[in-house]
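Colleague: My numbering numbers the first residue of the sequence shown as 1 and each following residue consecutively.
No lab work stands behind these hints: they were computed from the structure. Note that the Cβ used here is the ideal one computed from N, Cα and C, for glycine as well. Among the hints, a few may not be true.
Pairs of lysine-lysine residues, derived as BS3-like cross-links and limited to a Cα-Cα distance of at most 30 Å, are as follows [what the hints assert, rightly or not]:
| no. | residue 1 | residue 2 |
| --- | --- | --- |
| 1 | 85 | 52 |
| 2 | 277 | 226 |
| 3 | 67 | 2 |
| 4 | 85 | 277 |
Pairwise CB distance ranges (calculated) [as the list claims (entries may be wrong)]:
| no. | residue 1 | residue 2 | range |
| --- | --- | --- | --- |
| 5 | 264 | 15 | 21 to 29 Å |
| 6 | 285 | 144 | 22 to 30 Å |
| 7 | 17 | 179 | 38 to 46 Å |
| 8 | 125 | 77 | 35 to 43 Å |
| 9 | 224 | 181 | 24 to 32 Å |
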Amino acid sequence: MKIVLLDAHTANPGDLSWQPLEAIAPCEVHARTPLDQTVARCAGAEIVITNKAPLTREIIAALPALKYIGVTATGFNIVDVVAAKEHGIVVSNVPGYSTPAVAQHVIALMLEMTNHVGHAAQSVADGGWVRCPDFAYWDHPIIELSGRTLGIIGYGEIGSAVARIAVAFGMKVLASKRTWKEPPPAGVTAAEIDDIFRQSDVISLHCPLTDATKHLVGTRTLGLMKSTAMIINTGRGPLVDEPALAQALNEGRIAGAGLDVLSVEPAKADNPLLTAKNCLITPHVAWASRESRARLIDITAANLQAFLAGKPVNVVNG
Numbered sequence: 001m002k003i004v005l006l007d008a009h010t011a012n013p014g015d016l017s018w019q020p021l022e023a024i025a026p027c028e029v030h031a032r033t034p035l036d037q038t039v040a041r042c043a044g045a046e047i048v049i050t051n052k053a054p055l056t057r058e059i060i061a062a063l064p065a066l067k068y069i070g071v072t073a074t075g076f077n078i079v080d081v082v083a084a085k086e087h088g089i090v091v092s093n094v095p096g097y098s099t100p101a102v103a104q105h106v107i108a109l110m111l112e113m114t115n116h117v118g119h120a121a122q123s124v125a126d127g128g129w130v131r132c133p134d135f136a137y138w139d140h141p142i143i144e145l146s147g148r149t150l151g152i153i154g155y156g157e158i159g160s161a162v163a164r165i166a167v168a169f170g171m172k173v174l175a176s177k178r179t180w181k182e183p184p185p186a187g188v189t190a191a192e193i194d195d196i197f198r199q200s201d202v203i204s205l206h207c208p209l210t211d212a213t214k215h216l217v218g219t220r221t222l223g224l225m226k227s228t229a230m231i232i233n234t235g236r237g238p239l240v241d242e243p244a245l246a247q248a249l250n251e252g253r254i255a256g257a258g259l260d261v262l263s264v265e266p267a268k269a270d271n272p273l274l275t276a277k278n279c280l281i282t283p284h285v286a287w288a289s290r291e292s293r294a295r296l297i298d299i300t301a302a303n304l305q306a307f308l309a310g311k312p313v314n315v316v317n318g
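Produce the complete structure using the sequences and hints provided.
Modeller: Below you can see the structure in the form of structure tokens.
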């Protein structure tokens, strides 16, 4: 049995080990794989591991030995799961591995937009404090989070982790969820999405990307927000209508945005958010702590072991 890793660099740029997979079978590790080389590299392999390297219907059809696809991510849209099922191929993903890291990144974006720590430190490094006649200065309002309202759209594992931190800050939390099997915990109030847009001082997106949620943040919902409100997206880029958000920021209709994801990644030079006012963008790294990536590799190996034992888990095309 051979395991082929198509784009290993993403999860492990060299600071971790693939030993959990190597203990199962020999691994052919590729840092990155161009689309036109995928079939050649996977030829004869029963197991393929991918993160963002696409496995299309045509590629799957060209790999008759393939039995299992492991996605080293929670999102699995890069695999044609319908085609995989038609060919009897099991596809597993890795849910939940990055919850602490993503929740922490949400808070980091929120704090940078309210406390401007990075900006202030750069100002000091540029000599601003040395030139200042006063013992303290600031050129952005410093905003206390205590008593303000955080709206969470998608109160799942990550959304609830963010909520717990926000409650510790003294924030009020409004949360939307498709179904509430039990009442929300203390400090969290269930709310409709439009009410979250109207009432929140900060909104954080944690819902899945579907036809219903694509461009959830758009002209209409941005028009519901307070002019002092901010939005954070660490979920999926297409949850946001990017031209509409850029326009709202540039016109001062909302106060700021913190984004870790964009609709096209890597970012395109003409994305209007790259030059929008009060817009912080990080390069899709909320998930990427060393601890998260180690969990990702361990769970990927555990998924494969479960498949080989005839009891597959985390199957997304069952």
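Colleague: List, from low to high, the hint numbers that the structure doesn't satisfy.
Modeller: 4
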